[in-house]
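Going down the list, the sequences are from chains A and B.
Residue numbers for the first sequence follow our numbering, beginning at 1 and rising by one.
Residue numbers for the second sequence follow our numbering, beginning at 1001 and rising by one.
Treat the hints as calculated values from the structure; they're not laboratory data.
Certain hints may be false.
[Unchecked claim] Label-pair restraints from in silico Cβ distances:
#1 D1094(B) to R173(A): 16 to 22 Å
#2 R178(A) to A1083(B): 39 to 45 Å
#3 H1133(B) to G164(A): 21 to 27 Å
#4 A1031(B) to R178(A): 55 to 61 Å
#5 S73(A) to H1133(B): 21 to 27 Å
#6 Y1153(B) to Q56(A): 51 to 57 Å
#7 D1094(B) to L60(A): 27 to 33 Å
[Stated by the list, open to error] Chain A regions said to be covered by chain B (calculated; three or more residues, Cβ under 8 Å):
#8 101-112
#9 136-145
#10 169-178
The beta-carbon is built from N, C-alpha and C at its ideal position, and this holds for glycine as well.
Each chain, written out:
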Amino acid sequence: MNNIFRILGPVALVSSIPLLGAADMPLGAGISGGDPFAGAVARTVKAIVDYTRWPQKKGLLTFCVAGDARHASQIGSWRTAAGQEVQRSNVAAQGSALGGCDIVYIGSIPVAAQRHLTAATRGKGVLTIAEADPVNASEAMFALDYQPQSLSFRLNIDAVSRSGLRIDPRVLRIAKVRY
Amino acid sequence: MAEISPPPPQTLRDLLAEVHLRLIVFAVILAAAGLTVSGVIVMRGYAQRNLTLVAHSVAYTIEPAIAFQDRQAISDGLRQVGAVPGVRAVDVVDPQGRTMASWVGQGGAWPDWLIDGGNALIWPEPTVVPVYHGETLVARVRIIGNSADMLRYILAALVIALACIGVAVLATRILAGRLRRDIIEPLEFVAEVAHSVRTERAFEKRIPSSGIAEIDRFGQDFNALLAELQGWHAGLTSENAELHRRATHDSLTGLGNREYFELALAGAIAKAERTGTPFVLLFFDIDQFKAINDEHGHTSGDAMLIAVGERMRGAIRDVDIAFRLGGDEFAVLLAPQPGRVHADIVVSRIRKAMIAPIRLPSGLWQIATLSVGMAIYPADGATTETLVNHADQAMYVDKRSRRDRPNNQGGASNDV
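Excised from the complex, chain A in its bound form:
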């Protein structure tokens, strides 16, 4: 995984500039100097949170990063478009560590561990986003999808419907792959 991104990163950076120009939405590469996807991941994760509704109105959301996340470096604490406070907290990649989490960002961990986490949060009103799930095996609600020039996401409709959360249908339309 890691190797793939190391190869892809510079390619995306080089190709994006002449093709799309300044008006395009760059992936945020070059800002941090290290991770070309960090900016795009932060933006995408925040947008997903913006279009997610929890059953109980919450003023404070806890954003748990489970396991080793490679592209979550630009996600700190922030305020959603609806004005909710989001606080980041790094937790262990174990189901028992997820209590109090409203959002679980699943890092680059083995698929079995990812499934363990998603199974632990199912039906509990927890938004799950998988950072590294190229074959849709994690059963997370969202899986980030890295393209050479852009970052998009895939959507697991089954996971969304079991999550107990309401995702804005407009977001469903934007998802590149729905399964």
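Knowing the structure of chain A, use the given hints to seat chain B on it.
Then chain B, alone, in the frame of chain A:
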């Protein structure tokens, strides 16, 4: 002399047709213009609301796509929601004014310059709806309407107005025809009657009923006026005839008087000169009339004169004319006829008519004997004077010859 003749007067029918046509065309144009303008205003209002609605829909649809910065999703959303009829162009710009996505519709059946011209006229400014993510302005949706529908409406209004004007022209023609039949023809008949009354003195003509109250009232008044005129005319005519008769006839006997005699004689001479046919003039007087008058009174004399006049008129033909020239002098102008045979027959008939005695007012009976003088044109004279003189002389010759025969005095005689 160079005189500018005035234009021929306009007929009532043309005037009415023209007024009707102008009125209808004016009304149609007014109604069409009013409906078109109000229709365009209403349509523009609806179209504006529709544009705002579409813009809001576009904004709603693309808001997550902007949040995710997904260019393709923005473009897709724009097309799926914004590409509807009634929208000419829609684009999304970021807060800095840079275009993120845009879509321009096809003009369809109308040329683009016409659509764009109509758009510029109806929507000088595009409708702009901001796109917020949370409370952050992330983009603006700018939308321009499509004026094709309104152009179609205006064209339809134009066609309908023209069609209405066409129908109006037709209706006006029919109306003018009806007016002609119902109003103008009766009026023209009135004018015709008035004209023939003036030129031909046809006072007996009347205007028939037209079936229209006003014209009938007018016609009745006109007819009453005509009846009055007819009465006056008849009165004047008979009065004139009476005056003429009085001027030319003797009031006692009803025969022509001296004036009439002179005119008739002059006329007879003129006619005889033209035709060459001779005629005969006879003079009469009553023998011993003065003595009868003195002996029995003027009423008896008058009775004698009346009786002689009546008998004389009865003895002559219709073509001959009898006159009383004054006193006991009578004259008869015979119709032109060659030879004197008929003149002798007339004289003998007159003498025969005098045989019966005349009853005087006093109860006495008196026989009137006449002296006769005859003059033949042109043998005895070619002028009134010579003819009259000749007849007069002949009459006195006759009178003298009869005075010399006392047995004939006061008695009937067939001699001439």
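Each hint tested on the structure:
The supplied range of 16 to 22 Å is met by D1094(B) and R173(A), whose beta-carbon atoms lie about 21 Å from each other. R178(A) and A1083(B) have their C-beta atoms about 23 Å apart, which leaves the hinted 39 to 45 Å range violated. Take H1133(B) and G164(A): their Cβ atoms lie about 25 Å apart, and the range 21 to 27 Å holds. Our hint of 55 to 61 Å for A1031(B) and R178(A) holds, since their Cβ atoms are close to 58 Å apart.
Here the CB-CB span from S73(A) to H1133(B) is close to 23 Å, well matched to the stated 21 to 27 Å. The hinted range of 51 to 57 Å is satisfied by Y1153(B) and Q56(A), whose Cβ atoms lie roughly 54 Å apart. Taken as a hint, the range 27 to 33 Å holds for the pair D1094(B) and L60(A), whose Cβ atoms sit roughly 31 Å apart. Counting residues of the segment 101-112 of chain A whose CB lies closer than 8 Å to any CB of chain B gives 0, which falls below the minimum of 3, so the coverage claim is violated.
Residues of the segment 136-145 of chain A with a Cβ under 8 Å from some Cβ of chain B number 0, which does not satisfy the need for three, so the listed coverage is violated. Only residues whose C-beta sits within less than 8 Å of a C-beta in chain B count toward coverage, and the segment 169-178 of chain A has 4 of them, enough to reach three; the restraint holds.
Checked against the numbered hints given earlier, this structure breaks hints 2, 8, 9; the rest are met.
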